[in-house]
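Each chain, written out:
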Amino acid sequence: MIFSKPLFLISLLSLLLLLYIVLRRPRREKRVFSQVFLFLRARRETLSRISRWQFLKNLILILEAFFLLFLSLSASAPQGVMPPWAGKYCAVVLDTSLSMMATDVAPNRFVVAVSLARKKIEELLSSGNQVSFWELSLNPKIIQNFTSNTHLLESALDKITPSYSGTNIMQLLDLLEKWAAPKVVEVYLFSDLAFSVLPNRFPHLVLHQIGVGEAVENLAIVSANLQGERLWLEIKNFGNKEREVHLKIDGKRVENPSSFWIENMSTQEVALTVTGTKPYIKVEIEEADPLEWDNALYLIRPQSLRVLLVSSTPFIKSALQALGMTVVSVKPEDYSPQISSDLAIFEDFLPDVLPDSPLLIIHPPQGNKLFTWSGLEKEGFPIEVPSSLVEFLDFSTVQFYEVPVLQPGAMIPIAFWGKTPFLFEGVISDHRAVLFAPSLSLSNFPLEPSFPVFLLNVINYLSGEKAGFQSFEETRSDELLEPVLKGEEVLGSPPGLYLKEGAQGFRFYSCAYLSEEESNLLRHTEIERMGATTGSNAPRDLMPFMLFIPLALILIEEILRRKYV
Amino acid sequence: MEKFPGFSDPFLQRLTTLRFKPRPGIAGKGAGEHLVRKGGASVEFSDFRTYTWGDDYRLIDWNSYARLDRPFVKVYRDEEGIVLHFLVDCSDSMDWGDPHKLQYALKLIAALGYVASSGYNWVKFQSIPEGYFYPERRGRQQIPQFFQFLSKIKPLGKCHLGEELKRYAELNPRPSLVFLLTDALEPTGIEGGIRRLLARGHQLVFLHILAPEEIQPQIRGDFELEDKEWGTRVEVTLDEVALQILKKTVENWRNTLRVFCLAHQIPYLFVLTSSPIEELVLKRLPLAGILK
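Protein chains in written order, with the working numbering: chain A, 1 to 565; chain B, 566 to 857.
Please note that a few of the clues may not be correct.
Straight-line Cα separation of at most 27 Å, DSS-like style, residue types lysine-lysine; simulated pairs [as the list claims (entries may be wrong)]:
{"#": "1", "chain 1": "B", "residue 1": "K719", "chain 2": "B", "residue 2": "K639"}
{"#": "2", "chain 1": "A", "residue 1": "K30", "chain 2": "A", "residue 2": "K120"}
{"#": "3", "chain 1": "A", "residue 1": "K141", "chain 2": "A", "residue 2": "K178"}
{"#": "4", "chain 1": "B", "residue 1": "K857", "chain 2": "A", "residue 2": "K30"}
{"#": "5", "chain 1": "A", "residue 1": "K5", "chain 2": "A", "residue 2": "K248"}
{"#": "6", "chain 1": "B", "residue 1": "K689", "chain 2": "B", "residue 2": "K857"}
{"#": "7", "chain 1": "A", "residue 1": "K30", "chain 2": "B", "residue 2": "K812"}
{"#": "8", "chain 1": "A", "residue 1": "K30", "chain 2": "B", "residue 2": "K639"}
{"#": "9", "chain 1": "A", "residue 1": "K119", "chain 2": "A", "residue 2": "K88"}
{"#": "10", "chain 1": "A", "residue 1": "K88", "chain 2": "A", "residue 2": "K30"}
{"#": "11", "chain 1": "B", "residue 1": "K812", "chain 2": "B", "residue 2": "K586"}
{"#": "12", "chain 1": "A", "residue 1": "K30", "chain 2": "B", "residue 2": "K586"}
Hints were generated in silico from the structure; no laboratory data involved.
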């Protein structure tokens, strides 16, 4: 018998410990008695009660010895009983580059690739193959050597994270070739990139490509720039053949140019003229491909509103600047009702004399003259999971209380339902007013990419626009940068707003918005992954606890022995 | 050191007033104080019988002759000395207990022997197994000698009590009053030996001697018990439940012996070595009809 981990055979020494315990166990005290036949008769009459206990003690001892023996042998991974191996060597390669963060497939390519790789590994292992796991990034590396251990491979899959880098396929193949020789290795590459031709210098590799995302047969708007009435678009054909493109703006087909051709795997830049005063415009590729996320783009027009911001925090000012608005920012102590504006925003402050404009009041201080509330600070701002941010992107999910008139002395109860904060809208001095009750400083909400969108929705509402802002789909991988405000953890989070610093400074570039159906899909996916990491791992994780079984038996024996002595 | 058997003078004086009370049927020996059925010269009238040739005519009852016109002679009961056999189990199982079982048995024999000698009866001692033997003797003058004999008795090892009793019965056919003092701790039983003694006409008194520890052990825990006599070893775990079971087993065993003795009209006395000998001799034995 061969042991792959013979070092663990040292644990057989634990049997010596058991032997020592047995030998050191207090022996029966010898006593001379005038007779023993009555003791024997008593034992027979009681169905050998004493013998049964003796048997039980011996049984526990035997079980202890067996447990230790089996644990030691199993930890040493005996392989002598394995039948001759007739499987293949396989390498599963996962692309972890930044492009895999694209969300053209929900939740994103990386998660989908991991899921597909997991299934492939299970399939390969069930066929008796040896599988290794590799990461494709700028610095490709092996994560798990060839093994038939499902636990090791799934553990590697669970631990892998996006590298946010590019890819170096040639380096990976070089590494694989060196690793594989002289045997032949079947390589399963999960990537959003397609490699049409492989060099002949990898004789020991058989490459199978599993495309993730819309790398094939796909058109996408990869960037956009709106300046006044001029709109520049960059459209890329990710497919293998030339495609004709028709564009639509706000639902109407663009006449100039009416169409143009894009070669396979190439990018075409288009300049368009747009008219109108809507706060945003929608640009889309007509009949591009079934996956719509990168077929359309929403662009926000720079707002010409003059906003008076009375706040001591920088969050709202940053967001307003990102929205292209003119911001007059004053500190609370410098506020004067004489400052003219199209819209006034008060944060943590409410003056005695209000300006003659629509109002956004954020977390007004206690004891102001307009209204007061209680119980809010304890609740905090209830953003618990990243998925809740998705709801904030849809203004329709915010619940309104209609308060006809806000006047001094009115008492407004404030409460929370679930994860959605209440907004209060009403009229003050013939202008719309919105009260956002929670304090922004109690949460990360102002730092989230959804915050400017939220703010834009509120401002649009205050300006009389209809609520219901829609979001943007993110662009292709080579244009995508690491999110600035999104935070570090991207994997497992829902598609959020990705920001990019453009020529105009901080502005929206793209934004992902999940419909209800896709939100459900996302949650379902998360649940599935949670099940995979807890459920399937559970039996393996029991192994360390098995060590406690002999200890528990020894303990039980001690307890019973003390009871009977 | 107290001289064996260490009885007090008042107790010895009380012993002189006691007499054995055997059932009829045992053989007497020589003159004594025990009335037997057969004709004798005592003053105790027994019966009339027809005058036959050779009878002493002085024994003719002239009154009955006058009424019946036929000569009858008066028959008187004889007074003989009875022979007491003390059979004592001297096996190693008797060499145990606190108070010591064998010592207790020997003291009891000393008391009974004293009673016997006071009544001009014969005393005979036989150990089981064979090893110590005291021949039939009587009279107070031999009491010191008897006590000295008893004081030197030591345990004799192992024996099969039942077989030894059978052997004794074969060698002693003359019906006697036999006092059997034993703990009866014989795995194969002693009933066969007792039956053989009864078949020989012996009247048996069974004094079952046990130490208190034997009927209710005070030990608790895991033990390897070794048989004092046979060396057999057994591992036991004694807890309250096990001791209750053991106590019940001992009780059943004693009851079996008692019922056997009852069925064979053998006086059975269960004697704990913790009970005073004085109480046993002066109260329990008279109550059992063994002494009067």
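Outcome of the hint check:
For a cut-off of 27 Å, the pair hint linking K719(B) to K639(B) is broken: about 52 Å separates their Cα positions. Between K30(A) and K120(A), the direct Cα distance comes to roughly 68 Å. Violation of the 27 Å bound is thereby established for this hinted pair. With a C-alpha separation of about 12 Å, the suggested pairing of K141(A) with K178(A) holds against the 27 Å cut-off. A threshold of 27 Å between alpha carbons decides the hint, and for K857(B) with K30(A) the separation of about 46 Å lies outside it, so the pair is violated.
Between K5(A) and K248(A), the direct Cα distance comes to roughly 65 Å. Violation of the 27 Å bound is thereby established for this hinted pair. The suggested pairing of K689(B) with K857(B) holds, with an alpha-carbon distance near 21 Å, which does not exceed 27 Å. Using a Cα cut-off of 27 Å, the hinted pair K30(A) and K812(B) holds, with the two alpha carbons roughly 21 Å apart. Restraint check for K30(A) and K639(B): not satisfied, since their Cα atoms lie roughly 70 Å apart, outside the 27 Å limit.
About 17 Å separates the Cα atoms of K119(A) and K88(A), which keeps this hinted pair within 27 Å; it holds. With a C-alpha separation of about 66 Å, the suggested pair K88(A) and K30(A) falls outside the 27 Å cut-off, and the hint is violated. The suggested pairing of K812(B) with K586(B) is violated, with an alpha-carbon distance near 34 Å, which exceeds 27 Å. Pair hint K30(A) plus K586(B) does not hold up; C-alpha atoms about 46 Å apart against a cutoff of 27 Å.
Of the numbered hints given earlier, the model fails hints 1, 2, 4, 5, 8, 10, 11 and 12; all others are met.
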